[in-house]
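**Student:** Listed below are the residues making up each chain.
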Amino acid sequence: MQFQRSASRGTFRSALCAVAASTALLFAGGEVHAQETFKIGIVAFLSGQAAESFGIPAVNGAKVLVDAFNRSAAPAPYGQKGFGGLKIEAVYVDEAGGATKQVQELRALYDREKVDAVVGYIGSGDCLAVAPVAEELKRFLILHDCGTPRIFEDGKFSYVFRTASHATMDNVALARYLKAHNAKARSINLINQDYAWGHDAKADFAAAMGQFYPDATVGQDLLPKFGAGQYGTEISVLLSKPADVTHTSLWGGDLQALMLQAGPRGLFKRTQLVISAGDHVLPVLGQRMPDGVILGARGAYGQMAPKSALNDWWNDIYAKAYNGQQPLHSPYRMAQALLGLKLAVEKAMVANGGKKPTPEQLAAALRGSEWDSPGGRIRMALADGHQAIQDTAIARTRYDAAAKKVVLEDIMRFPAECVNPPAGTTAEAWIKAGFPGAKNCP
Amino acid sequence: MDGLLTLLIDGLNYASWLFIVSLGLTLVFGVLKILNIAHGSFYALGAYAAASFVGWAAGMQWSPWMSLAAMLLAAVAVAAVVAPITERGLLRFFYGRDEVLLVLVTYALFLVMEDVTKLIWGANPYFVTEPYGLFGNVDFGVLSYVGYDFALWGLAVAAGLAAWWALNRTRQGKIVLAVIHSPEVASSMGVRVSRVYTIAFGAGVFLAALAGAFTAPMISVQPGLSVSVVVLSFAVVIIGGLGSIEGAAIGALLVGLARSAAVHLAPAAELFVIYAVMAGVLVFRPEGLFQRIQARKI
Amino acid sequence: MNTIIHSTALARGLQGSSRPLRTLAAAAATFTVLAVAGLCVPAWLTYLVTIAAGNALVSLGIVALMRGGVVSFGQGMFFAAGGYGAALLFNQAGWTDALALAAAGGVLAVALALPFAPLLARYRGIFFATLTLALSMVAYGVLMKWPELGGSDGFTVGRPTLLGQRLDGPEGAYRLFLLTVALAAAIGFLARIYFASSTGLVTLAARDNELRVEYLGASVRRLIGANFLIAAFFGGVGGALVVLSLGHVEPAFSYWTVSGEFVFIAVLAGYRSVPAVFIASFLLEIVRSFSSAYFPNTWQLALGLFLLLVIRFLPQGIGSLWTREAR
Chain A
4 MQFQRSASRG
14 TFRSALCAVA
24 ASTALLFAGG
34 EVHAQETFKI
44 GIVAFLSGQA
54 AESFGIPAVN
64 GAKVLVDAFN
74 RSAAPAPYGQ
84 KGFGGLKIEA
94 VYVDEAGGAT
104 KQVQELRALY
114 DREKVDAVVG
124 YIGSGDCLAV
134 APVAEELKRF
144 LILHDCGTPR
154 IFEDGKFSYV
164 FRTASHATMD
174 NVALARYLKA
184 HNAKARSINL
194 INQDYAWGHD
204 AKADFAAAMG
214 QFYPDATVGQ
224 DLLPKFGAGQ
234 YGTEISVLLS
244 KPADVTHTSL
254 WGGDLQALML
264 QAGPRGLFKR
274 TQLVISAGDH
284 VLPVLGQRMP
294 DGVILGARGA
304 YGQMAPKSAL
314 NDWWNDIYAK
324 AYNGQQPLHS
334 PYRMAQALLG
344 LKLAVEKAMV
354 ANGGKKPTPE
364 QLAAALRGSE
374 WDSPGGRIRM
384 ALADGHQAIQ
394 DTAIARTRYD
404 AAAKKVVLED
414 IMRFPAECVN
424 PPAGTTAEAW
434 IKAGFPGAKN
444 CP
Chain B
110 MDGLLTLLID
120 GLNYASWLFI
130 VSLGLTLVFG
140 VLKILNIAHG
150 SFYALGAYAA
160 ASFVGWAAGM
170 QWSPWMSLAA
180 MLLAAVAVAA
190 VVAPITERGL
200 LRFFYGRDEV
210 LLVLVTYALF
220 LVMEDVTKLI
230 WGANPYFVTE
240 PYGLFGNVDF
250 GVLSYVGYDF
260 ALWGLAVAAG
270 LAAWWALNRT
280 RQGKIVLAVI
290 HSPEVASSMG
300 VRVSRVYTIA
310 FGAGVFLAAL
320 AGAFTAPMIS
330 VQPGLSVSVV
340 VLSFAVVIIG
350 GLGSIEGAAI
360 GALLVGLARS
370 AAVHLAPAAE
380 LFVIYAVMAG
390 VLVFRPEGLF
400 QRIQARKI
Chain C
16 MNTIIHSTAL
26 ARGLQGSSRP
36 LRTLAAAAAT
46 FTVLAVAGLC
56 VPAWLTYLVT
66 IAAGNALVSL
76 GIVALMRGGV
86 VSFGQGMFFA
96 AGGYGAALLF
106 NQAGWTDALA
116 LAAAGGVLAV
126 ALALPFAPLL
136 ARYRGIFFAT
146 LTLALSMVAY
156 GVLMKWPELG
166 GSDGFTVGRP
176 TLLGQRLDGP
186 EGAYRLFLLT
196 VALAAAIGFL
206 ARIYFASSTG
216 LVTLAARDNE
226 LRVEYLGASV
236 RRLIGANFLI
246 AAFFGGVGGA
256 LVVLSLGHVE
266 PAFSYWTVSG
276 EFVFIAVLAG
286 YRSVPAVFIA
296 SFLLEIVRSF
306 SSAYFPNTWQ
316 LALGLFLLLV
326 IRFLPQGIGS
336 LWTREAR
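Protein chains in written order, with this note's numbering: chain A, 4 to 445; chain B, 110 to 407; chain C, 16 to 342.
All clues given are correct.
Here are a few chain A residues that face chain B, going by a calculated C-beta distance under 7 Å:
| id | residue |
| --- | --- |
| 1 | Ala54 |
| 2 | Ile59 |
| 3 | Asp224 |
| 4 | Leu225 |
| 5 | Leu226 |
| 6 | Gly232 |
| 7 | Gly235 |
| 8 | Thr236 |
| 9 | Glu237 |
| 10 | Ser243 |
| 11 | Gly256 |
| 12 | Leu263 |
Just so you know, the hints here were simulated from the structure itself, not pulled from any lab data.
Where is the CB? At the ideal position from N, CA and C, for every residue including glycine.
Construct all of the structure, not just a fragment, from the sequences and the given hints.
**Tutor:** Have a look at this one:
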């Protein structure tokens with residue numbers, strides 16, 4: 004019965020379509036993609052506050068890496084041309100404009116631009132909105148940067164992957180660093196942006212510190228508006244009620260403004276500042292960055308990256324393309340996503356006899372895989388092989404007047420299992436339970 | 110140091126900044142009846158221009174105090190270049206139309222200027238920090254304030270007084286007041302209304318750029334500056350009454366003190382406070398605290 | 016006095032006594048054309064039309080208010096109310112029927128609007144706009160601070176059902192498109208009937224000169240209040256439909272820039288023609304989508320220029336291209 008119905012519906016439909024098509028004006032359905040290219044859509048913030056800090060560096064990283072791949076210029080095991088011999092074609096989309104727009108853009112990427120995979124998304128809200136859409140369309144999606152643990156805690160996906168750790172790692176590592184250095188932390192002040200990223204960061208940090216410093220108390224819990232830029236009042240509060248440790252997950256222009264306004268007022272002499280994701284402000288702030296700030300880069304990136312030929316090569320091509328700049332966390336994360344994608348495509352092509360892989364084949368190849376990236380080894384270990392874990396590092400800042408840049412010293416590395424929750428538990432529960440299953444902690 | 114005093118000082122710091130930021134917006138509405146969303150863009154332009162001008166001044170090895178003059182010049186330059194183009198080249202085609210339509214025009218202008226600014230200055234951040242240290246620090250025990258913040262009080266008072274004096278005590282100002290009350294009657298009395306509009310708009314752009322220029326030393330000048338300023342300045346101006354300088358001052362004080370109180374006493378409420386104050390004032394006085402007296406036309 | 020208004024309205028109505036039938040035919044025809052087109056054009060386009068239709072409903076609410084001379088800058092609040100209402104009913108109360116959810120969204124938005132309608136009805140011009148803007152920003156603040164509702168990230172909604180069948184996959188997307196377009200056509204038809212009714216015509220008169228309408232015996236405040244509730248209903252239904260297609264709801268729906276876009280669609284369409292609202296909404300989505308694709312770094316510039324050109328050269332909106340000023 005089913006068979007007949009769908010058959011007749013099919014013919015009815017094609018008849019209708021023929022009539023409509025001969026009279027209506029149809030949009031071009033996008034370019035016919037050749038079998039010789041692998042088209043990817045890269046989505047990151049190209050406007051707004053996150054552009055300068057994360058979006059544009061990520062796109063820059065993508066551009067230079069795609070170019071290197073297409074010239075077979077990458078070191079082994081990434082030496083094949085493009086993805087498995089297929090030339091890579093990249094389309095760039097701005098992530099700004101809200102979740103509704105992003106869902107439309109994603110659909111346009113898959114249906115109109117006919118991309119074979121989408122890599123991107125920095126904003127957690129955008130990630131949460133687009134993941135179910137890719138899943139429903141049965142198309143391949145890699146989330147390369149967003150921080151919320153909710154993606155794979157709240158949902159199960161077959162076609163969606165995140166090739167980087169989520170933000171819990173950043174704050175747990177910060178707490179462990181303080182503990183390992185026996186830092187004084189009887190009191191803690193928190194200043195975070197008033198949105199999900201800030202709330203999650205402060206909750207994770209406070210809970211982690213509660214495990215290591217059971218007697219510590221949280222003093223001020225400040226939540227300035229995202230994009231506020233004016234922190235005079237907050238700084239007064241932090242100065243008049245100082246704590247041993249002040250934690251912030253502020254980023255971008257807001258973090259820079261906080262440093263510029265708090266520095267002259269001497270805040271950092273009265274408290275130990277810890278920043279969960281701060282490496283991207285170091286090159287721009289330069290000597291305005293105070294010494295002795297403990298910060299993370301959301302991974303072992305930049306100056307904290309483990310020494311390897313791959314890392315050296317990556318820094319080299321990025322610096323050559325972008326005026327000697329060193330890549331920071333955002334391009335590193337884009338790089339590890341693209342490297343993982345490359346290996347997955349090539350593995351799938353070996354399995355299917357050299358054809359461009361379908362989304363299902365790609366998903367099967369990427370699930371549970373591991374690969375080397377400039378920031379260390381990436382392992383798709385959580386959420387049934389869809390969520391990556393990676394090592395991270397925390398360090399302390401110092402301005403080197405001779406080199407005219409901020410150097411990171413006292414680097415401490417944290418293996419992945421130490422600071423990422425194991426499979427089968429949520430991040431929040433894992434911290435509250437005292438990190439059961441954490442291994443190899445320094 | 111006494112908590113209440115800290116709260117007050119912080120509130121006044123924030124209020125003086127808010128007042129400088131909002132003054133241009135309320136003036137432009139008062140004269141041209143345009144609620145200018147692009148006000149935030151002019152603010153951002155002022156900040157970028159200040160970054161460039163101060164950079165040149167530093168390059169020329171002038172004294173650091175010249176950087177203040179450079180910032181002032183930057184604001185003047187922005188007003189001189191942008192205001193005539195915007196007002197003569199765009200806004201004047203929409204005069205006499207619905208007020209809300211003009212809001213949409215300025216919103217479109219805001220979008221355009223976001224990208225134009227990004228095209229000219231790029232996405233990288235600029236820093237103008239030399240002026241920030243000019244006034245040293247003011248210490249109250251352990252609590253240290255940057256002297257620059259208190260200098261902004263002076264700027265706010267000066268700008269407010271200058272605007273008030275120019276409007277109420279000069280001949281030109283009284284002509285502008287006449288145009289505010291009734292453009293048709295003023296025009297029939299021989300006033301060149303279009304010239305008044307151009308000058309008033311120029312003053313509004315200058316004040317917005319001035320706010321941006323003098324804020325630049327404490328922030329990182331990068332894309333995204335304009336958005337937060339739009340909401341804030343709107344709130345202040347709506348609370349105080351559109352078109353009223355005293356209203357902008359009172360509105361700024363209200364919002365500044367309310368926000369300071371929230372951060373000191375109940376930080377979780379900070380996001381809310383400004384919208385709550387705005388809605389609260391509007392429910393009782395929808396035209397703001399200082400209403401413009403308008404004769405009803407039949 | 017009332018009788019004068021009623022008899023003029025009746026007379027005008029009688030002139031086009033076949034009007035309702037013609038409108039019904041037009042609505043049905045549009046729906047059929049779109050339904051057929053939806054089978055043939057690529058999926059991204061039907062999705063875009065779905066979202067455009069939902070947004071158009073919200074803007075139709077603004078048009079209802081614009082006909083009375085006031086513009087609401089807070090439709091985002093009702094858009095969010097409808098969206099969150101539908102999403103919460105789906106997730107917490109287990110309601111899955113798309114039609115029921117859309118209706119519930121509308122009803123919830125009206126419930127939210129009820130306490131504010133008498134207050135808002137007293138104000139006009141820029142003050143009406145700023146008060147609605149303030150209210151929608153308060154709603155935004157509330158939603159951002161509500162962790163159970165996902166805070167700033169919002170939360171996701173699963174696929175709804177229609178007449179028992181689950182609407183997922185490409186078939187489901189097409190059916191959701193059909194549902195949205197059908198509801199939009201139905202509400203558009205009802206709106207046209209309302210606009211041509213005596214209340215609707217008196218609203219137009221109030222736009223021209225409130226004082227005279229008051230002297231003729233109608234209560235302009237009641238009119239604006241009623242139109243505000245209607246706008247809320249349209250906004251809520253539109254919000255519910257968009258959220259069902261989108262699968263995600265977030266506080267940003269209540270932000271002033273979203274409300275501004277709805278106002279833009281209404282201005283682009285003009286207040287005279289109902290189909291113009293849907294065309295305008297579709298145009299904006301298309302322009303936005305293609306600016307993003309071709310100008311990833313300067314799409315705001317492209318969009319802003321488009322807005323300026325439209326406002327400059329189509330002062331009465333698209334609708335003025337085929338309707339004439341009633342005399």
